[in-house]
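Novice: Got chain A; can you put chain B on it based on the hints?
2 protein chains.
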Amino acid sequence: MNRLHRALDGLLARIDTPAPIVLADVMQDNIDRMQDFAVRHDLDVRPHVKTHKCVEIGRRQVEAGAVGLTAGNVGEAEVFAAAGFDDIFLAYPVWPSGTKGPRIRRLAGTTRLRIGVDNVAAIDALADAMGDEPDRLQVVVEVDCGARRSGAPPELAGDLARAARKRGLVPAGVFTYPGHGSSGRAARECAAQDQEAALTTAVRGFRAAGITAEVVSAGSTPTVAFSAGGVITEIRPGEYVFGDLNNSRLGACTDDQIALFVAATVVSDRVPGQVILDTGTKALGREGSPELGYGAVAGTDAVLAKLNEYHGFLALPAGADRLGVGTVVPVVPNHVCPVVINFEELIVTDSTGTALRRWPVDARGFLN
Amino acid sequence: MNRLHRALDGLLARIDTPAPIVLADVMQDNIDRMQDFAVRHDLDVRPHVKTHKCVEIGRRQVEAGAVGLTAGNVGEAEVFAAAGFDDIFLAYPVWPSGTKGPRIRRLAGTTRLRIGVDNVAAIDALADAMGDEPDRLQVVVEVDCGARRSGAPPELAGDLARAARKRGLVPAGVFTYPGHGSSGRAARECAAQDQEAALTTAVRGFRAAGITAEVVSAGSTPTVAFSAGGVITEIRPGEYVFGDLNNSRLGACTDDQIALFVAATVVSDRVPGQVILDTGTKALGREGSPELGYGAVAGTDAVLAKLNEYHGFLALPAGADRLGVGTVVPVVPNHVCPVVINFEELIVTDSTGTALRRWPVDARGFLN
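Chains as they are written, first to last, in the numbering used here: chain A, 1 to 368; chain B, 1 to 368.
With the rest of the complex left out, here is chain A:
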C-alpha cells in the first residue's frame, strides 16, 4: 500500500487533516473490474451509493456500464434523481410516513423508481401514497436469505407480488442481502448459496402467482464473486468502489485495490508506545473492535487501538520508527461507508499525488 504514502506525500502542503483522500485511478480500476466481472457473467451492476454518496462517482459507475443506482433511503434517491440519474432502486423496506409518501410520489414522477417491500402493510401504504398513479411505482419484494434482518420468507414472495399488483403497483422482482456472509471466504460462499436458494424460491413464488420477476437482485461486495451462474440478474455492490480493511480481510479486495484513506496528523507523542492522531470516531466511526483495532496506517502493523471523538490512539508496534508530531500518515479504515459521510467533500487525487480535485459528498446528511 505504499502508493497511498506516495499519493499523500504529493498532497501534504495542500490539505488539512483529517481528510478523506480518494485515488481516482485505483477507484476507476475497481469500477471497471466489477463491470467486467458482471459483463462476463451476464449480470447487471446497480452500485449502492451508500458507500460514496457522491454524484461524480455515480456518474463514473453509470459511464462504465451500471444499469442504474441503488439507494438506501428516500433522501439519497432524491439527491441522485435531482442530478439526472433516471433509474434508482431504493433497496430498503421504506415506510412512507411523515412527508415520505409525497416525496416518493414526486420521485416516481421523475425517475424509474423501485422500492423494496417485505410486508403487506407497507405495500398498502405505498399504494396509498401513489394516489391515482400506483403503476408509476415498481416494488421489489425483499426476502430473507439468512441475515435475519428485513425480508419476508422466500416462499411468501408470490403473495406479496400479488398484493402489490392488486393495489396497482408494479411487482418488478425480488431482492435479498446476504449479510451473514461477512466472516471469511467459506462463510461468504455459503451466504451466496443461501442467497441463490432464497431468490430461486422467491422467483418460483412469483411464477406461481403468474407474475414475472423481471429483476432478481443480489448484494454485496463480499459475495459478488459467488453470485453468477444462477437465477440472479443484478448485483448491488457498494464498498467495491473504495475497498477497506474489512473487505481486504475477507479477501474481497487486495490492499492495492484500496482507493480511499484518511490523511491523519500526529498531534501528540507524550505517551510511550503510542501517538495520537487527529482521526477519532467523528472521522472514522467506531468501526472495529479492541482486537482488530479501528483502522491502520497503510502498509504497516500500526493500528488505532482506541478512539475518542477527535483522538485516535495509534499503538506503535515494538521496534517501529517513532512518528514525530506533525507527521501525516494514511489511515485505512476498517469500514469505508461510515467514513465518507463525516466529510463535506472527498479530496481526489491519483497514485502519484499530483492531481487534486474536490468532489462534494452530495448525499451526506440525507438519512431519511
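Incorrect hints may appear among the rest.
It does not matter which identical chain is used: a pair holds within one copy or between any two.
In silico SDA-like pairs for lysine to any residue, Cα to Cα no more than 25 Å straight-line [claimed, not checked]: (1) K306 - R249; (2) K306 - S248; (3) K306 - L292; (4) K306 - R148; (5) K306 - R167; (6) K306 - G75; (7) K166 - R33; (8) K306 - Q193.
Note that these hints are calculated values from the structure, not bench results.
Specialist: The following block gives chain B in isolation, referenced to the frame of chain A:
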C-alpha cells in the same frame, strides 16, 4: 422518559425518520442547572460545542452565562467565530499543517483564541504560523491526568509555558481531560481527584516559571460534579446539554434530563422477537457494545442489539408489546455526540411536542 414519547406523538405527521429531536425545555434546564452549579462553586463554564455543533445552542449557553466556548478543531472554531462568538478555546493539541497556520492566524485576529499545546514543536509551529503577531494567540498547556491520551506530564507544564513565552505566544494556563473517569461514580470521583492533582502540579510549574496560570480548565460532563473547591477555574462540559444513556448509566444525568432522541420508524417485523428500525450506524454511530446494545427505546427495556448502516435490530423483550410496521419510537443513543453530526439539522420541540423549529447543525462536517 414518557415525555419523549409524548413529544414524539405531537410531531409524527410532520417529521421524516430517522430524525434527531431536541426537547428545548429539557435542554434549557440542563444549561441552567450547569450554570447554577458553576456560579455556586465560583467556576466559569466554557461548554464544548462538539456535542451540538449548533450556533443557536451555543448562543443559549452564552446567554445563560458561559464565558465562551470550547471547540475541538479549527473548523468548529471558525464556524462559531463567524457567528460572532468572540472567546473560543480550541482544547486540542492542534498541529498547524496544510492551511491551518493561516487559518489560525486569521481566527486569532477576530476572536480571543486559545489553543492547547503539549509539546515544544507545536509551540514553535504555532508561533511560526502567527508571524509577527504571536501575542495574539494564547496557548493553554495540556497536561495528562491519567487518560493517557494527549497532554504533557504535569511537572513539565512550566517548561512549556516558558517555551511559549519565549516565542512570544501568551501562556494563559493549563487544562486536562479526565477521560479515565467514565465507568461509575467512584471512578469518576477518582479521575476528578487525579485531575485536581495534575492541575495543581501544573499550576505550581507555571508559578516556578514566573508565569500566572490565568485559566485552570477541567473536563467534562461526568466529572464536573467533583471539580469544585480546588485549583480549577473553568469547566468544559459538552454532553450535559443533551445527556444520553452513557451519562445516565454513570449517574451524570437522570433519564428525565435527556433532551435528545432519534425518532425511528419500524420498517420490518418479519423476524420473531425483533423489529427493524430505520436507525443504523449512519444515524447513531456504532456507540455501544453487544452487551450494552447500541441505543434503547426511551422508557423501555428494548435495546438495539445490532446495527447495520440503515438498519437497527431492535430486540423485543419477552412479553413486550409487538411493534407493528409504521410505529415511530424515540431511540435514546448511548453517546449523543456522534449522533448529531449525522444530520443536517436538529428538529426542535418541547416536552409537549407542539412547537417545531429546525436548527442547522452548523459545524457538522467541520473536522479539521
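Novice: Work down the list of hints and note, for each, if the structure agrees.
Specialist: Right, here's what the structure says about each hint:
1. Within a single copy, K306 and R249 get their C-alpha atoms as close as 20 Å, and across copies as close as 21 Å, so both meet the 25 Å cut-off.
2. Taking the closest pair of Cα atoms, K306 and S248 come within 25 Å of each other both inside a single copy (21 Å) and across two copies (23 Å).
3. Taking the shortest alpha-carbon separations for K306 and L292, both the intra-copy value of 10 Å and the inter-copy value of 18 Å come in at or below 25 Å.
4. Taking identical chains as interchangeable, the C-alpha atoms of K306 and R148 lie at most 25 Å apart only when they sit on different chains, with a minimum of 11 Å there against 30 Å within one chain.
5. For a Cα distance limit of 25 Å, the shortest separation of K306 from R167 qualifies neither inside one copy, at 52 Å, nor across copies, at 34 Å.
6. Taking the shortest alpha-carbon separations for K306 and G75, only the inter-copy value of 23 Å comes in at or below 25 Å, while the best intra-copy value is 33 Å.
7. In this assembly of identical chains, the alpha carbons of K166 and R33 never lie at most 25 Å apart, being 41 Å within a copy and 58 Å across copies at closest.
8. In the homo-oligomer, the alpha carbons of K306 and Q193 lie at most 25 Å apart only across protomers (24 Å), although the nearest pairing inside one protomer, at 36 Å, exceeds that limit.
Hint compliance for this structure: hints 5, 7 are broken, all remaining hints hold.
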